[in-house]
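Position one of the sequence shown corresponds to residue 40 (my numbering), numbered consecutively onward.
Careful, some of the hints might be misleading.
If you anchor each label on the Cβ, the simulated ranges turn out as follows [said to hold, decoys possible]:
hint: 1; residue 1: Q700; residue 2: D542; range: 56 to 62 Å
hint: 2; residue 1: F137; residue 2: T107; range: 47 to 53 Å
hint: 3; residue 1: N565; residue 2: T107; range: 42 to 48 Å
hint: 4; residue 1: G943; residue 2: E699; range: 42 to 48 Å
hint: 5; residue 1: G676; residue 2: K482; range: 40 to 46 Å
FYI, nobody ran anything at the bench for these hints, they're computed from the structure. Quantities reported herein were computed from a predicted structural model and do not represent experimental measurements. Note that beta-carbon positions come from the ideal geometry of N, C-alpha and C, so glycine has one too.
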Amino acid sequence: MGDVANSSIEFHPKPQQQREAPHAGGFGCTLAELCSLMELRGAEALQKVQETYGDVGGLCRRLKTSPTEGLADNTSDLEKRRQIYGQNFIPPKQPKTFLQLVWEALQDVTLIILEVAAIVSLGLSFYAPPGEESEDLLPADGVLIQGNDLKIDESSLTGESDHVRKSADKDPMLLSGTHVMEGSGRMVVTAVGVNSQTGIIFTLLGAGGEEEKKDKKGKQQDGAMESSQTKAKKQDGAVAMEMQPLKSAEGGETEEREKKKANVPKKEKSVLQGKLTKLAVQIGKAGLVMSAVTVIILALYFVIETFVVDGRAWLAECTPVYVQYFVKFFIIGVTVLVVAVPEGLPLAVTISLAYSVKKMMRDNNLVRHLDACETMGNATAICSDKTGTLTTNRMTVVQSYLGDTHYKEVPAPSALTPKILDLLVHAISINSAYTTKILPPEKEGALPRQVGNKTECALLGFVLDLKQDFQPVREQIPEDKLYKVYTFNSVRKSMSTVIRMPDSGFRLFSKGASEILLKKCTNILNSNGELRSFRPRDRDDMVQKIIEPMACDGLRTICIAYRDFSAAQEPDWDNENEVVGDLTCIAVVGIEDPVRPEVPEAIRKCQRAGITVRMVTGDNINTARAIAAKCGIIQPGEDFLCLEGKEFNRRIRNEKGEIEQERLDKVWPKLRVLARSSPTDKHTLVKGIIDSNTGEQRQVVAVTGDGTNDGPALKKADVGFAMGIAGTDVAKEASDIILTDDNFTSIVKAVMWGRNVYDSISKFLQFQLTVNVVAVIVAFTGACITQDSPLKAVQMLWVNLIMDTFASLALATEPPTESLLLRKPYGRDKPLISRTMMKNILGHAVYQLTTIFTLLFVGELFFDIDSGRNAPLHSPPSEHYTIIFNTFVMMQLFNEINARKIHGERNVFHGIFGNPIFCTIVLGTFAIQIVIVQFGGKPFSCSPLSTEQWLWCLFVGAGELVWGQVIATIPTSQLKCLKEAGHGPGKDEMTDEELAEGEEEIDHAERELRRGQILWFRGLNRIQTQIRVVKAFRSSLYEGLEKPESKTSIHNFMATPEFLINDYTHNIPLIDDTDVDENEERLRAPPPPSPNQNNNAIDSGVYLTTRGTKSATSSVFSSRPGSPLHSVETSL
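Starting from the given sequences, assemble the full structure and let the hints guide the process.
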């Protein structure tokens, strides 16, 4: 939400309802009555409460609960209520058993091929001849007792994005799973767990476990509820829950999508996994052809030699022998297939990502979506928040303007008149969330702990620095005595609180962005604490002499003001613009949020790695520019842009107020700072960069965000980073990675890990494909020439284990190094196998094949041993073929060391001891190889070797290291004949199944190719899942209220940021919120009521007009040079 958010709701747990006759357990309401009550809405619900209980107080009396204190801490009473009304818990759906997960895993095509081969081999081996895981959601249903400017987002239930204003005298019904957008309040709980409206829906969807067998009554609404990560504390028997206001209807959509994913298991598929899957299928097909050809050639060779050349007749008594030969040929073919099918590829991805995710947690990156690791390695742009990410998020007041004096440090209390000091202390203490406070440090010598909103903490710290105390003021005027609260939001950019004075009058305290609030001030306190006139000329003078110098020092300026109302002039409190006006300025303070000391170096690393860092903040342009310069985002002499939100909008929109990609493409490449930006501006920028086709490659954008308003941008980004400390639950839900320390340095580490994942997979690929090529050619050629494979079936399986499981574990767990940040990002279309890798694969294959065939055909002469070629069917293992097998494995072990480097580096041992897993696997494999050769015997087709033979095997294997240096000497640029391999799937290769996946999730390849289509699919899918409950809900929701216009298109129905501009509306931008007041009457001539007013558009001052009024409105704007479209204010 905003910097001065104040949004809390107290919940008073309670039971359910009706007549005076003794009801369940002695309470005046039954469970069924309360469930029935919660199905009603608006005026109908209010009427039901009044008819049955008199008022909400009567309902509380029936339920024997206090509207102010809640339930007493009586264990037996609480248990009794749980028995009658249930507990606030929805039983989770039964997780799949291990065997079910194993069965699903066995459906993989590669594994099916291997399973069939294994079964056939096993069956034939028995044949022998005669004689082998809220945001701030309401956790329960209830009725509002008292509220302050309370607005609820019920989009998760209704699909309507308009915020619903709740009040005890108009619409008091609050439902679980809906979001608190603004304000605060107190409710009495009427239904919990499976008895709440959300619980009933979850039960219908099968998430309620055993409860789904029970018959549920009442209309159903489509909703979603997640366990809120809210802070709960016991206060006099009541449960108080602090809630950050929610700004986006995206939250509900996310929950619905998560809910559907729980029922329909979906497999996340990243770009890298897509490339690997395609490559594995291609290699597998080639292996299948090779294995079939091997079997056919062996069989034909045997038949021709036996029955044609030797002229033997088929004798019945020899049939079992012939069958054994054919079984042997088939097993050889299966062996070739098993070696050729690269089942280790998916395993390597999984191991690498899982290992990276675990290690990234230590680097304060909590990864929610595995594919985000790899995507982050390709990031070309980062749009970062300022507060808390680039700065420490520990706000401190360092300058102030009080009583016509500009203090560069905190003034002594004696320097201020008592009136100014008293007003300042009361304005800060009362007009801030009472949950925000300064607590003593946890450790001696540490700084005091700031709890709550950081900006408010800075102001409270200012009070303490003035040797005053805010707690006595709050005790004198407790929160429930506040007469009216106007909470902070991104439109008003201020917060105001009204209290009743002893003389029956009222006093309003207000604080907010200085350039906005000063426009509403008509007076200011002078050095004596007396009022003097504050005219526009004075305001301009203050901006120039006080606010701009503060902003240039990187300070955020906050104006603190007040206004008195006499008892006779009580205003219409619902008219906020009238109430918060004619103010008297008490002070302007400059708050500093120091840049984190490690951030400048982190940003330099990003820039060196080819990543552009942009700052997107709500602060004014001068503050943002100062912080950007301190961070190193902007450098003196560079060609860059620093824009405010309104100027950004003016540049990217046409005369109709519509965003044009061509205009955006002229802005974003040089844009480094976007100040005074709304959430919609941030979303527009991110979407524009992602959609842009300028430049050599498409941009991959990472975004940081902490507020609920950042949800749309986080979801739109290729990788969304949410703040783990300051972030709201909706921001976290929309993100891919959560920064547990809210530090920009952690993003740089995520880039390193992402690039490391890509490189780890490439290393494994280089190693495995070398083994693949050699093993298949050896098995195929050897079998065709000698009617037997030099590498036996069990030996091949051991080699397969080495090159798949062990190698993927060894090479995929290489730790990242700083050198990864010295190169540019890989392009999205970069092939997995580069020309350098192809050179290494073919080069090492040549060495290994030469060695193996030399040993196969002349090895017995070199070692002076018996030849193993053309051995009888059941002959014992030979030393000849054991040496070939041992040499082959030794070459793979040494080549595994070569595979650690894929960019042509010569020192393949660099950093090898930094990966204990690699060392353990290589040494462990070597030890097991010794055991297999020396003691494996007939099962492994091995004959023990002498020490001399072992040394020769090691010598030839170590030759791989020398040969690797020879290959590195050959310049890749000279090998024009080499081709790259492993490109991602093209547009024409998308299957129907992959297209259908777009309805549930948008993976990166699909988002690139079919972004527009997927948005439509997602809209249609959402409608299909909601249509039944929306129909059932609509009748009760709008009964007694004005019914909205019927939805005639998906545009009307959807309320997501992607649909900001639809086919029948035009957006007229209010470029900056600072112009709202001056243009109030002219611009806010009520637009035609539209049920589809997008909240994001409204928050950013974008208003929708129908086609009938477009031309008139456009002409008004175009003809007025003073309109916001032409009025570009900056504080430069």
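Hint check results:
| no. | hint | verdict |
| --- | --- | --- |
| 1 | Q700 - D542: 56 to 62 Å | holds, 60 Å |
| 2 | F137 - T107: 47 to 53 Å | holds, 51 Å |
| 3 | N565 - T107: 42 to 48 Å | holds, 43 Å |
| 4 | G943 - E699: 42 to 48 Å | holds, 45 Å |
| 5 | G676 - K482: 40 to 46 Å | holds, 45 Å |
Every hint from the earlier list agrees with this structure, and none is contradicted.
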